[in-house]
Amino acid sequence: MTYEERLQNVSVLGAAGKMGSGILLLTAIEMTDLSLKPGNKGKTFVLNAIDVSAEGLAGLMKYLRGQVRKVAEKKTVWLRKMYADRDDLVENYDIIDEYVFDVLNVVRPVTTMAAAYQSNLIFEAVSENRALKVKLLGDIDKNNGNNPWFFTNTSSVPIKLIEKEAGLEGRVLGFHFYNPPAVQRLVELIITGKTLAEVEDFARNYAKNLKKIIVPSNDFAGFIGNGHFMRDALHGMKEATALAEEKNIPLYKAIYMVNKVTQDYLVRPMGIFQLIDYVGIDVVQFILNVMNPFVEDEELSHDLLDKMMLQGVKGGQKSSGAQKDGFLKYKGGRFTAIWDVHKQEYIDLDSFKDECDEMLGELPSSVVAWKSVIRNKKKDDLLAAFFNDLKTSADLGAAMAIKYGLKSKAIGEKLVSDKVAKETDHVNTVMLTGFFHAYGPVNNFFD
Amino acid sequence: MRRRIYMTAGYNTVSMGTGRKEFNPKKARPGLEHYFKEAGQGTINQINDADNIDEISIGNFMAARFNKQANLPGFAAHIDDKLQWKPSISVEGACGSGGLSLMYGIRSVLAETADVVLSMGIEVQNTVKAIYGADILAGAGWYQKRKEGHAYFFPGQFSDRAGAYYEKVGMEKARAGMKQWFINSIENARLDPTAQEHQNRVPDLAALYDKFKPNGTAFVDKLSVLDCSKVSDGASSILVCSEEGLAKLGIDKKDAVEVMGFGHVGRNITNDPEDLTELQTIKKAASKALDNADVTIAQLGTIEVHDCFSIAGVLATEALGLAPNGGGADYVAAGNTARDGAMPMNTTGGLIGWGHPTGATGVHQAVTIWQQLTGKAGEAQINISNHRPYGMTINMGGDDVTVISIVFKKG
Chain A
1 MTYEERLQNV
11 SVLGAAGKMG
21 SGILLLTAIE
31 MTDLSLKPGN
41 KGKTFVLNAI
51 DVSAEGLAGL
61 MKYLRGQVRK
71 VAEKKTVWLR
81 KMYADRDDLV
91 ENYDIIDEYV
101 FDVLNVVRPV
111 TTMAAAYQSN
121 LIFEAVSENR
131 ALKVKLLGDI
141 DKNNGNNPWF
151 FTNTSSVPIK
161 LIEKEAGLEG
171 RVLGFHFYNP
181 PAVQRLVELI
191 ITGKTLAEVE
201 DFARNYAKNL
211 KKIIVPSNDF
221 AGFIGNGHFM
231 RDALHGMKEA
241 TALAEEKNIP
251 LYKAIYMVNK
261 VTQDYLVRPM
271 GIFQLIDYVG
281 IDVVQFILNV
291 MNPFVEDEEL
301 SHDLLDKMML
311 QGVKGGQKSS
321 GAQKDGFLKY
331 KGGRFTAIWD
341 VHKQEYIDLD
351 SFKDECDEML
361 GELPSSVVAW
371 KSVIRNKKKD
381 DLLAAFFNDL
391 KTSADLGAAM
401 AIKYGLKSKA
411 IGEKLVSDKV
421 AKETDHVNTV
431 MLTGFFHAYG
441 PVNNFFD
Chain X
1001 MRRRIYMTAG
1011 YNTVSMGTGR
1021 KEFNPKKARP
1031 GLEHYFKEAG
1041 QGTINQINDA
1051 DNIDEISIGN
1061 FMAARFNKQA
1071 NLPGFAAHID
1081 DKLQWKPSIS
1091 VEGACGSGGL
1101 SLMYGIRSVL
1111 AETADVVLSM
1121 GIEVQNTVKA
1131 IYGADILAGA
1141 GWYQKRKEGH
1151 AYFFPGQFSD
1161 RAGAYYEKVG
1171 MEKARAGMKQ
1181 WFINSIENAR
1191 LDPTAQEHQN
1201 RVPDLAALYD
1211 KFKPNGTAFV
1221 DKLSVLDCSK
1231 VSDGASSILV
1241 CSEEGLAKLG
1251 IDKKDAVEVM
1261 GFGHVGRNIT
1271 NDPEDLTELQ
1281 TIKKAASKAL
1291 DNADVTIAQL
1301 GTIEVHDCFS
1311 IAGVLATEAL
1321 GLAPNGGGAD
1331 YVAAGNTARD
1341 GAMPMNTTGG
1351 LIGWGHPTGA
1361 TGVHQAVTIW
1371 QQLTGKAGEA
1381 QINISNHRPY
1391 GMTINMGGDD
1401 VTVISIVFKK
1411 G
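If you read the protein sequences in the order shown, they are chains A and X.
The letter at position 216 of the first sequence is residue 216 when you use the numbering used here, and the numbering goes up by one with no holes.
One gets the numbering used here by counting positions in the second sequence from 1 and adding 1000 to each.
Zero decoy hints are in this set.
Listed below are the simulated DSSO-like cross-link pairs for lysine-lysine, each with C-alpha atoms no more than 30 Å apart in a straight line:
(1) K1026/X / K62/A
(2) K1376/X / K1082/X
(3) K1027/X / K324/A
If the Cβ cut is set under 8 Å, some of the chain A residues that face chain X in the computed set are:
(4) E73
(5) T76
(6) R80
(7) D87
(8) E91
(9) N92
(10) Y93
From the structure, some residues in chain X lie toward chain A, with a derived Cβ separation under 7 Å:
(11) I1131
(12) Y1132
(13) D1135
(14) R1146
(15) K1147
(16) A1151
Simulated from the structure, these hints should not be mistaken for lab results.
All C-beta atoms in this analysis are idealised placements derived from N, C-alpha and C, irrespective of residue type, glycine included.
Looking at chain A on its own, in the form it has when it is part of the complex:
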């Protein structure tokens, strides 16, 4: 079966979800672009958007319409060539409109799993539940006569378990997009050892056509991305708890300080507690629970997460994309308060921020902002100068940052020594492209 034949009938499970909708968008565009090529005229391409929520699927179609138009507006020069034989399509507007229709016309929104029984390729993006994934994929495989291939977007379940329990030997791999898939260029590719070479070849080809950067990860729970982020987040929670005890201050103040250090001092796009909120406290807890049984030498959990969940503070995002309140309370893209787990209420930043900033000390004048440094050609020099100043500073904030940077490095190195990542470069690429860090965690800045 050729690349194109493989893509003539595809299903996405969990298509209305955040990851599923992005995967669906990218795949629908890839399939439509194939269908427009001269050799493929007349061939039918079908993409089943399967989800339990009819409401979600209605929203998905609206999302697709808006996104596909934006995509089309950026490649109109190419589209004019593809529709050159259509005399009825003259203006850019006509052509873009036709393309939007053609993409939507590939998509079949359905709530029944049976649609996947004809597919050659199935993307799985349902919730991070091993039993559910195994059941769905196994059921489809039993009812599908095409010997289909399965790409799972799981960020934490080992692929070989899915392979074994669903009986998919050699025909499954981990194809882990980052959120949001339409924007983030990173994809972690996980093969099981049994995965057929042709399945992997196809995956690499497909990723290339989607203009994604592939980083291979070994099949260990959490892979590289969550393998680093989850441990980094746990470290943040441990640091905050320890700081509160040591300085005898309420935990919310320590959370504010650790968040500030991880953002401003470590020059990251957001502080660690804001990132946990962004991913969702519930999701972080869930992924840790999935990963924990597979690691032997460490405990991947923290009671702070459990407390937050019990108190019903979960973070994550609204369907509009707006940030929900979590450790931090958000207003218009900024945070204005921190959750107090003891009083179970948000404490206004204004009431304690100055006092905490004073404890951390002043940032050296060589400080660089993540936003300005990320595209700067002299990035490494600027960062080195700033981090060197931190190393010679006696301030609390500087000391916390150095310690955090070193821990982050150790986590990265352990991913290599544990053979999750083949080399440190892979860890760095994941953090640079998947998490938009300005520098990879495995570096010499903090030594």
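Guided by the hints, dock chain X onto chain A, whose structure is given.
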């Protein structure tokens, strides 16, 4: 000419669009109504009484599509109550619409049907994304050619012209001229607070130009976006008067420019240009205007040329006979068209630097010449010597199709 014709009381709104700090494509912006009012009142505020205006002529290209608005003559009285019940007309000749608006005023005064005509040009085109704007602007070409044309139709047309010119003189030489044209445009725009590139602070414009290489997969083959004029919202306004009209308005001749001659030429839109490296219509219109004014090109102190693309600026120097055939790029690269050069051109930035609200451009050019010849150009003022007291505008609609050239002298 059978009557002496003057222009006075010019006014330009800001040319709004990318480049201006206050421009935010995601926020609502003023529409046609605002630009009519601001430009019209900007002129009326310089005279004694709006009632002295006899007629209103409006140059506009595509409000019917950019703004879904036609019947623009109806906006005259929106500017000022005293314009209610007065004759008002809208004229269209693509990007030459502004020039046609001036021509309407000139002809009406010559015909003695008016002594004072409020001549305006207006275009509000940031209402759609550039990719759809390209469809609308493509109306300046022959629609039968749209299907085979580029997604960015007009950049595509001038990309072809640039390509032919690269073949003729060599790409490196051609782009050196185009680069200097771009640099002059931005440097001049920085001197005019209404210019779209007024706030441009890029320290090394040459390096910036070199960085933007033509890329046919995203845009056109032979031009980069820096070779193109801007997408602009804006309006310009000026009064076209007889001698009696000026007196009626109470305006001194020294605050006016006199129209010495004009050339108004049309080319068959259904034909391709005979030679892509020549602007034949511009050549004819400019030479007619100079003949009509009985002025030689050496007597001109400054020229406003229609540089919708940098290549059009370079080719215009050849069409005007300032540079020999194929020598335009060198002429520009040597600094001849800079504000302190042998023949200063587009002293407030032209279409690339000041902006290109398509239907308004012809009027904007006249306002710039009026400012320069009457010493009202502010920081952008150049020295106009007594030996070369004339100025000229060349306004082009479409790909060298509808061209209006006017020669002015200080009043």
